[in-house]
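Residue numbers (this note's numbering), protein chains in the order written: chain A, 1 to 419; chain B, 420 to 789.
Please keep in mind that the hints were generated in silico from the structure rather than gathered at the bench.
Careful, some of the hints might be misleading.
Mimicking DMTMM-like on lysine to aspartate or glutamate, the simulated pairs with C-alpha atoms at most 20 Å apart in a straight line are [claimed, not checked]:
1. Lys607/B to Asp239/A
2. Lys254/A to Asp707/B
3. Lys85/A to Glu638/B
4. Lys309/A to Asp636/B
5. Lys89/A to Asp473/B
6. Lys462/B to Glu41/A
7. Lys603/B to Glu41/A
8. Lys607/B to Glu41/A
9. Lys7/A to Asp715/B
10. Lys5/A to Asp598/B
11. Lys603/B to Asp308/A
12. Lys309/A to Asp651/B
13. Lys459/B to Asp318/A
14. Lys773/B to Asp308/A
15. Lys462/B to Glu241/A
16. Lys5/A to Glu638/B
17. Lys13/A to Asp715/B
18. Lys462/B to Glu233/A
19. Lys39/A to Glu188/A
20. Lys254/A to Asp715/B
21. Lys619/B to Glu41/A
22. Lys710/B to Asp308/A
23. Lys39/A to Asp715/B
Quantities reported herein were computed from a predicted structural model and do not represent experimental measurements.
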Amino acid sequence: MIETKEKILTGKKFPFCPGCGHGISINQLAKVLEDLGYKPEDIVIVSDIGCSGLIDPLFATHTIHGLHGRSPALGLGVAMGLEQKPGKKTIAFIGDGGATIGLQHILEDARRNVDMTLILLNNLLYGMTGGQISGLSTRKYKEIIDFEKDIPPFDVVKLAYASGARYAVRVNNPKNIKEKIRKAIETEGFSLVEIASLCPSYGMKKLPELMAVADDEEEFENNRPPTHIVSKERNSLFDRERYFSPEFEAHAGKRTGILIAGSAGGGVQSVGAFMAQAAMLSGMQATMKGEYPITVGTGFSVAEVIADKNEINYTGLDNPDIAVIVTEDGLEKVKHRITADTKVYLDEKLTGKIDFSYKKLIIKPFHALVNRKSAALLAVAYVLKKEQLFPLEALKKVLSDHRLKDIFLDTVARVEELE
Amino acid sequence: MTTGQLALVDGSKIIIEALAQSGADVFVGYPITPSNWTYKYAKQRMPLFLAAPDEISTLQWMAGLSATGKIPVTSSAFPGIALMVESINMAYAMELPMVIVITQRLGPSTGSATTGAQGDLMFLKGIISGGYPVPVFSPSCFEDAWTLSNKAVETAIKYRTPVFLLTSKEMVMYRKSFDLGRLKPLQKHTHQRQITGEFKPYKPEANDTPAFVPLGDDEFSTRFTASTHDQDGNIRKADPEAMANTKRLRKKFIRNIDDLFAYEWIKSGPSAKTLILTWGITTDAAKDAIKILTRDGKNVDLLVLKTLLPVHQKLYDWLDDYDKIIIAEENLTGQLKEILFGERAPGKVTGVNKIGMMITPGEIVEAVLS
């Protein structure tokens, strides 16, 4: 007994208008899949919105029916998810309206070149909403309806090819549909088949009329291998975490909030973290927040550090105990946050830049001793030495594990020159 | 008592590690401030990481991956989430598991990308067309970030649904000394196939939720659809079977709301008649406010809501026990307050609200004492 091919279609009546071209493509696809020996469970049909989106019940395969214009993106998600399951095939359908909405998705599919096929049924118009034109309506068709005839359609086949699709083809003659679909299905990687389709309700009612207004058939292949999606188990993020067991004794007990204000490239964010970590090495709890412009390479850079022997809940720094200000950018950013209780450590070169009086002001030449990348670190080291919050040795210990430890420790050593 | 694992960590790291340990296996994303750190950590941690070209593609890829059995995660802020909305509705209607981390920032629109906020709760309340509830969990501390990430994955799989983890810039971008040894190992969640009788793609099984059969399954061909559908997954207009299926999308959460509900009480004693109700990042200030009030001899209870949506009716019973209720949240009008009480809250309910900066403990204390 000869084994019968498993039926790809359910045998349900097609929902299309009499004379609609969509049914031809559906039937040809089903024949190709049966000829190639696919079972319904091997196939996922991804459908869009519009007349071409009515196809789910026609297929005995897996189906997924989403949003307008998104089937190429939804289909790519499916195709990537099925990468680890050999023998499965993802086939997405879209109309010319959907292709107009989701053009970028098609280009992305082509660029990624994951194994899937997109069948674009181009009837030159929006059949479900009254025959409006799409981005794929051809100029010859638009001459007939006398609307936007000077605006060319997207050549999606060429665009997909230019974006890296393994195979992209436009078919106008129904006799060629099966052959081109078969080639697309057999292509491993992203393939696009654009098929001219009759719309007897609003557009071309007869095949010769359609052939006369459709853009020319074209066929392209890129010689590039398909992209494979590989999942890999990875180690815990905590595996590379640095832990801080108390080794030093903090001098300060109460909550202390420190603002460190400088400029991008001045290591402010790193210094803030070092300070928080040094507090932790001294048995304190700590928080660190960074603030900088979206353009991270320029402008101010501010770090807020809070250290407390007790648990820290609220992390706001409304009344900083100490402000370390090493650049003009930093000064501009934090000057309104300085209160009468704040002790300000200011770089000497900013002396002329302050037009108001701070009650507690210490001016030191941080920039005169080290370069702009190290001034914030030197200033913080000086603050630790003077304020006795926790030992300077704790900061040195934090820095001693860093790949730039020589530079950092040398900077901290220069704190002696500030007296 | 420390476990020797005191580290300077941020909430982004804890969330991504927890999601990965809980069974999330692919991150799809488009970077946006302030969710960049979740993106960065996901790239280091997730078994599969996909850089989508935009937020609509992000959600569509996630939906496709989810339909094949993956548990996808993304993170974004309002401008990105807004682009995802139609696709989130699609995933909700298809009943596809996924976790969406929102890092709230100051709006409207692009607003201020690096300023925190709690302004997206109202948006999530109405995000599904028709007013259907979607689970929203909001961590108030790093322990929550750990356990609620696990609960988000569990809920997404168990109820086949998108789940939101509503964080804020402050939660995901500040670093804090934290003993990682306090985080208990997490249970990994996976799809369980339990089918009674004949398989139908949308026939309700346990928890009023259909059994999950992935696309590409060798045993059954299955269907997913975002359009109104019957149990077979075929598109229907408003016929009884299709309407029952649509109503089930709400029912599965409301009937199982005890399973979704997470909260934390800090009670000062049986006699407290004043309650501070809060969520998310304002919890830190509320906890400090309670400390100050307790020190000053005031009896005030604190209730931290961690499951914000859907609202559990039990909450109203609890609130009935208080003469004065302070609802503190970092937004202009009090979004939780409005969700609970509408535009005119009872006289005993006061909001502590602010935009552009975190609410301080002092502001909450002041509201309690006034």
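For the pair supplied as a hint, Lys89/A and Asp473/B, confirm whether the alpha-carbon distance does not exceed 20 Å.
violated, 25 Å
Decide if the proposed pair is consistent with the structure: Lys603/B and Asp308/A, CA atoms, cutoff 20 Å inclusive.
violated, 25 Å
Is Lys462/B close enough to Glu41/A, meaning Cα to Cα at most 20 Å?
violated, 33 Å
Take the C-alpha atoms of Lys309/A and Asp636/B, compute the straight-line distance between them, and say whether it is at most 20 Å.
Violated - the C-alpha atoms of Asp636/B and Lys309/A are around 57 Å apart, more than 20 Å.
Hint consistency between Lys619/B and Glu41/A [alpha-carbon to alpha-carbon, up to 20 Å]:
holds, 15 Å
Given the hinted pair Lys459/B and Asp318/A, is their Cα-Cα distance within 20 Å?
Given that 20 Å is the threshold and the Cα spacing comes to 30 Å, the pair is violated.
Holds or violated: Lys607/B and Glu41/A, Cα atoms, limit 20 Å.
The given pair, whose Cα atoms are some 28 Å apart, is violated under the 20 Å limit.
Is Lys5/A within 20 Å of Glu638/B, Cα to Cα?
holds, 18 Å
Is the hinted pair Lys85/A and Glu638/B satisfied, with a Cα-Cα distance of at most 20 Å?
Given pair Lys85/A, Glu638/B holds - Cα atoms ~14 Å apart, limit 20 Å.
Within 20 Å, alpha carbon to alpha carbon, are Lys39/A and Glu188/A?
Holds, at roughly 18 Å.
Pair hint Lys309/A and Asp651/B, alpha-carbon separation not exceeding 20 Å:
Since the Cα atoms of Lys309/A and Asp651/B sit roughly 61 Å apart, the hinted pair is violated (cutoff 20 Å).
Take the C-alpha atoms of Lys13/A and Asp715/B, compute the straight-line distance between them, and say whether it is at most 20 Å.
violated, 78 Å
The structure is inconsistent with the numbered hints 4, 5, 6, 7, 8, 9, 10, 11, 12, 13, 14, 17, 23, although it conforms to all the rest.
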